[in-house]
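S.K.: Spelled out from the first residue to the last, the chains are:
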Amino acid sequence: MFPELTGFLFPNDIHIHWSLMIVMYPYITGLVAGSFLVSSFYHVFGRQEFKPLARLALATSLCFLTVATFPLLNHLGHPERGVNIVITPNFSSAMAGFGILYATYFIIVLLEIWFVFRVDIIRRAAESRGIPRFLYSVAALGVYDTSEEAVQIDERITRVLAAIGIPMACLLHGYVGFLFGALKSNPWWSTPLMPIIFLFSAMVSGMALLMVLYQIGAKVKGLPINRDSISALARWLWLFMIVSLTLEVLEIMTLAYERAEEWEVIGYLLTHQLSISFISIQMVVGGLIPFILLMLLVLMDRYLDDRVRNTLAFVSSSLLLLQVLSMRWNVVIGGQLFSKSMRGFRETYVPGMFEKEGVLAAVIILAIPFILLTVFERILPTMRGDGGGEVAARS
Amino acid sequence: MKDRSKEHGAPPQGAAIESRRDFLRKSGAAVGSALSFGAIGLILPDELEGVTTTDYDWTKHRWIYLIDTYKCIGCGSCVRACRAENEVPEEMFRTWIERYQILAGGEAHVDSPHGGEFGFPPVAEEHHKTKSYFVPKMCNHCEQTPCTQVCPVGASYSTRDGAVLVDPQRCIGCGYCVQACPYGSRFINPRTHTADKCTWCYHRLTKGLKTACVEICPVNARIIGDMKDPDDPVHEILATKRVQALQPQLLTKPQCLYIGLDTEVR
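Chains as they are written, first to last, in the numbering used here: chain A, 27 to 421; chain B, 4 to 269.
Incorrect hints may have been included.
What the hints assert, rightly or not - SDA-like mimics (lysine to any residue), calculated; alpha carbons at most 25 Å apart, straight line:
#1 B:Lys134 <-> A:Gly33
#2 A:Lys210 <-> A:Val341
#3 A:Lys210 <-> B:Gln250
#4 A:Lys245 <-> A:Thr374
Calculated directly from the structure, the hints in this document are not laboratory data.
Keep in mind it's a predicted model, so treat the numbers as computed, not measured.
Work the whole structure out from these sequences, hints included.
M.R.: In structure tokens form, the structure reads like this:
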């Protein structure tokens, strides 16, 4: 099917080479980075109100990290050569850093998870029988010291790992923004703000995801929802979404105010092709509405009933998850809806349902981390330590 | 195929030429068939004797490409020749032609129906035009090219003689170079799933031949020259004509330069 075109496009520019998969990739790494940083609020900065979320945040980060490469591999013309990015990188390419960043970050997250869950692994090894016992013993790596002194060492190491993890998470995701921001060929991408916008939206998406996961998890497991955790997470989420949205608007404002050459194209793009996904979803439904809901929550926190607070937090978080997804879409797809001739546009891009990089593939890739998370929850509890220690922070 | 040299040469000796009219008719047919051969399929380098790549030294050449927009008539031969020579897939273009019509008031109307491959239709709307011209486009083989810079595996590279090429055996098909090219010269080949672009017909250049587009152009609007060859006519053109690169503000240093470029052209 031939796409509908307006104006003059370079003949090779009518194709969307970066499809839905490249929308999913920064979305997923954003969730990885954002949820990791939430766990660091507790592990590094000692914010006790995040303690009930810290393990869940780490596990979430790992589960999403596991699938982070899937959309990329599905996108590549030659996925069998994908490993060449790691083994024979061309270091002048921003993309070449991916292997190093991804691998380092993966190791840090795995190590941190081991130290955080070590006591639970040992307890499970002792309590189980047969094959599970064997597997837990292997996971314990032959160390069965759960003395207070050993646990303290664990905590200290965890703090160091989490501290290293913060810049790593920022790099992992800032790098994704850099991939777009450092291309002078595309005026919609080329801005030094891009990595920063990506970072803040990553924080927003990670926090929003945890808000949703925590509430669903607590409901499923019949655990009480910690009021302080919800309040604190909502406060931080509000702050980060304000910064994130401000940056997103600021970028547009600057372009518009400068009346730079590229504004002719981008102004048209935002009000035509992206009018729904940018103005309606990214700015209003996913931006303004959660901003108001969270403002209500934050300003009226002490007067709110728990159920109202939880509902406000849940709804605004869900909307923010949508907002960040639409932001990724608007960046990645929006940047390909106009020609580099700066004279023409492709009217729409609708990914197919069943094509290789279509909607179904995206849904499956996005579903995998949630399945992994339930598996993780069965192996090692994230919401509550076996000793019940993790809900101790309940107010 | 073997007889092609005869077509180019003089009629066989001893051929009876009955009349002047007959001679003209015969030679006209010979020229016509040679032209149509050229239009359908170019002479393949492998078919020419003594043309090999074994003696090609890439340190002894430095290629530069010139496009004279005053000369281009928009016939589309170059686009067709390129497609035939390089098996460029449908809907993708290693080279294309743009038509600019500057309307009264300064507004430009640009079109390139199917890359100008089959020429251009007459203009439907009645505009008062101040000027109009054709601009052939292709890979600029930039010296400071963003496309090779961003290739994560080094599959895109610059040769010593100035061409920017893609190694389809190494390309992973990520499409980053396609995004990085400001000129829209690259695409992902739907057959090979790798990045594809103009190679300056490197397989021909290294055998001492010109590119398919230069070879076919009926008005010499396209010129490829060797900067390291002091006798190459390109030196005189560069010394006497005013040339301009596309989007020079991007500092990609194109090695494909235009004669008579107008401000409307990006």
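S.K.: Evaluate each hint against the coordinates.
M.R.: How the hints compare with the structure:
Between Lys134 (chain B) and Gly33 (chain A), the direct Cα distance comes to roughly 19 Å. Compliance with the 25 Å bound is thereby established for this hinted pair. Between the alpha carbons of Lys210 (chain A) and Val341 (chain A) the distance comes to roughly 38 Å, so the proposed pair goes past 25 Å and is violated. For a cut-off of 25 Å, the pair hint linking Lys210 (chain A) to Gln250 (chain B) stands: about 11 Å separates their Cα positions. For the hint pairing Lys245 (chain A) with Thr374 (chain A), the CA-to-CA distance comes to about 40 Å; that exceeds 25 Å, so the pair is violated.
Checked against the numbered hints above, the structure breaks hints 2, 4 and satisfies the rest.
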